[in-house]
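Visitor: Required output: the full structure, derived from the provided sequences and hints.
The sequence shown maps to residues 1 to 130 in this note's numbering.
To be clear, the hints were calculated from the coordinates, so they are not data collected in a lab. The structure presented is a predicted model; accordingly, all values stated were derived computationally and were not measured. Some hints here could point you the wrong way.
[Stated by the list, open to error] Keeping only pairs whose Cα atoms sit at most 27 Å apart, straight-line, the calculated DSS-like set for lysine-lysine is:
1) Lys-41 with Lys-108
2) Lys-121 with Lys-75
3) Lys-75 with Lys-47
4) Lys-52 with Lys-106
5) Lys-75 with Lys-41
6) Lys-108 with Lys-121
7) Lys-47 with Lys-92
8) Lys-13 with Lys-30
9) Lys-75 with Lys-30
10) Lys-52 with Lys-108
11) Lys-121 with Lys-30
12) Lys-75 with Lys-13
13) Lys-45 with Lys-106
14) Lys-108 with Lys-9
15) Lys-75 with Lys-9
16) Lys-45 with Lys-30
17) Lys-108 with Lys-30
18) Lys-119 with Lys-108
19) Lys-106 with Lys-92
20) Lys-108 with Lys-75
21) Lys-30 with Lys-119
22) Lys-121 with Lys-92
23) Lys-41 with Lys-106
24) Lys-119 with Lys-92
25) Lys-119 with Lys-9
26) Lys-47 with Lys-119
27) Lys-121 with Lys-52
28) Lys-47 with Lys-121
29) Lys-108 with Lys-92
30) Lys-106 with Lys-75
31) Lys-47 with Lys-106
32) Lys-75 with Lys-45
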Amino acid sequence: MNEFIERIKTFSKHLTHDFEEMIHDHSSEKIPFTNMPALIKRHDKTKHTSHKLLENVFHTYELDLFPYFLQLETKGDRDEFILQLTISSQEKTIYSYRSYEESAAKQKPVSIPAPLWEKLKAPFTSGAVH
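Guide: So, in structure tokens, the structure goes:
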């Protein structure tokens, strides 16, 4: 009987945790797609690499804001073409854009969790970036 009660307690704890997580994930900010590359590229923790292949320049920007990870890949000397944009957490992919997929993703705002938005905008609101 005690084992049964313990199993119910464990189940209810997991259920409560999952419910809290679900509510937390639904509190989000909607950012225009066109603003996302600048937010990622200008963040002081962003790592940037570039490669030149067949006269084309490819850029990769990676931003690790634990527990979130953002990756932006562009093409062109001045990042003229967005190849992909991925926002993920440890558990799941939050947003994914691939240029080769037929979609209107560039027209829709990107919904990101409120805690990630706080981390993304922090360098711009703290006075660190002018």
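Visitor: Each hint needs a verdict: does it hold in this structure or not?
Guide: Against the structure, the hints come out as follows:
Taking the CA atoms of Lys-41 and Lys-108, the gap is near 20 Å; set against the 27 Å cutoff, the hint holds. With a CA separation close to 25 Å, the supplied pair Lys-121 and Lys-75 stays within the 27 Å bound. Among the hinted pairs, Lys-75 with Lys-47 is consistent with the structure: their alpha-carbon atoms are about 16 Å apart, no more than 27 Å. At most 27 Å may separate the alpha-carbon atoms for a hinted pair to count; Lys-52 and Lys-106 meet this at roughly 26 Å.
Annotation: proposed proximity of Lys-75 to Lys-41 holds, straight-line Cα distance about 14 Å (limit 27 Å). Only pairs whose Cα atoms come within 27 Å are accepted, and Lys-108 paired with Lys-121 is accepted, the gap being roughly 20 Å. Restraint check: the Cα-Cα separation between Lys-47 and Lys-92 comes to about 22 Å, which is no more than 27 Å; the hinted pair holds. Only pairs whose Cα atoms come within 27 Å are accepted, and Lys-13 paired with Lys-30 is rejected, the gap being roughly 31 Å.
Taking the CA atoms of Lys-75 and Lys-30, the gap is about 25 Å. The hint holds against a cut of 27 Å. Of the pairs offered as hints, the one joining Lys-52 and Lys-108 is violated, with about 31 Å between alpha carbons and a cut-off of 27 Å exceeded. About 13 Å separates the Cα atoms of Lys-121 and Lys-30, which keeps this hinted pair within 27 Å; it holds. This hinted pair does not check out: Lys-75 and Lys-13 have alpha carbons roughly 47 Å apart, beyond 27 Å.
Note on Lys-45 and Lys-106: the hinted pairing holds, with a Cα-Cα distance of about 25 Å set against a maximum of 27 Å. Between Lys-108 and Lys-9 the CA atoms are separated by roughly 42 Å; this puts the pair beyond 27 Å, and the hint is violated. With a C-alpha separation of about 53 Å, the suggested pairing of Lys-75 with Lys-9 is violated against the 27 Å cut-off. Among the hinted pairs, Lys-45 with Lys-30 is consistent with the structure: their alpha-carbon atoms are about 22 Å apart, no more than 27 Å.
A distance of roughly 9 Å separates the Cα atoms of Lys-108 and Lys-30; the hinted pair therefore holds under the 27 Å criterion. For a cut-off of 27 Å, the pair hint linking Lys-119 to Lys-108 stands: about 22 Å separates their Cα positions. Straight-line distance between C-alpha atoms of Lys-106 and Lys-92 comes to about 21 Å, which keeps the hinted pair within the 27 Å bound. Distance restraint check for Lys-108 and Lys-75: the Cα-Cα separation of roughly 21 Å lies within the 27 Å cut-off, and the hinted pair is therefore satisfied.
Of the supplied pair hints, the one linking Lys-30 and Lys-119 holds, its CA atoms being roughly 15 Å apart against a limit of 27 Å. For the given pair, Lys-121 sits about 22 Å from Lys-92 by alpha-carbon distance, which is consistent with the 27 Å threshold. Our distance criterion of 27 Å between C-alpha atoms is met by Lys-41 and Lys-106, whose separation comes to about 18 Å. With a C-alpha separation of about 18 Å, the suggested pair Lys-119 and Lys-92 falls inside the 27 Å cut-off, and the hint holds.
Straight-line distance between C-alpha atoms of Lys-119 and Lys-9 comes to about 35 Å, which puts the hinted pair past the 27 Å bound. A threshold of 27 Å between alpha carbons decides the hint, and for Lys-47 with Lys-119 the separation of about 16 Å falls inside it, so the pair holds. Simply put, Lys-121 and Lys-52 have alpha-carbon atoms about 31 Å apart, too far for the 27 Å limit, and the pair is violated. A threshold of 27 Å between alpha carbons decides the hint, and for Lys-47 with Lys-121 the separation of about 17 Å falls inside it, so the pair holds.
This hinted pair checks out: Lys-108 and Lys-92 have alpha carbons roughly 20 Å apart, not beyond 27 Å. The straight-line distance between the Cα atoms of Lys-106 and Lys-75 is roughly 16 Å, inside the 27 Å bound, and the hint therefore holds. For the proposed pair Lys-47 and Lys-106, the alpha carbon gap of about 24 Å is at most 27 Å, so the pair holds. For the hint pairing Lys-75 with Lys-45, the CA-to-CA distance comes to about 21 Å; that is within 27 Å, so the pair holds.
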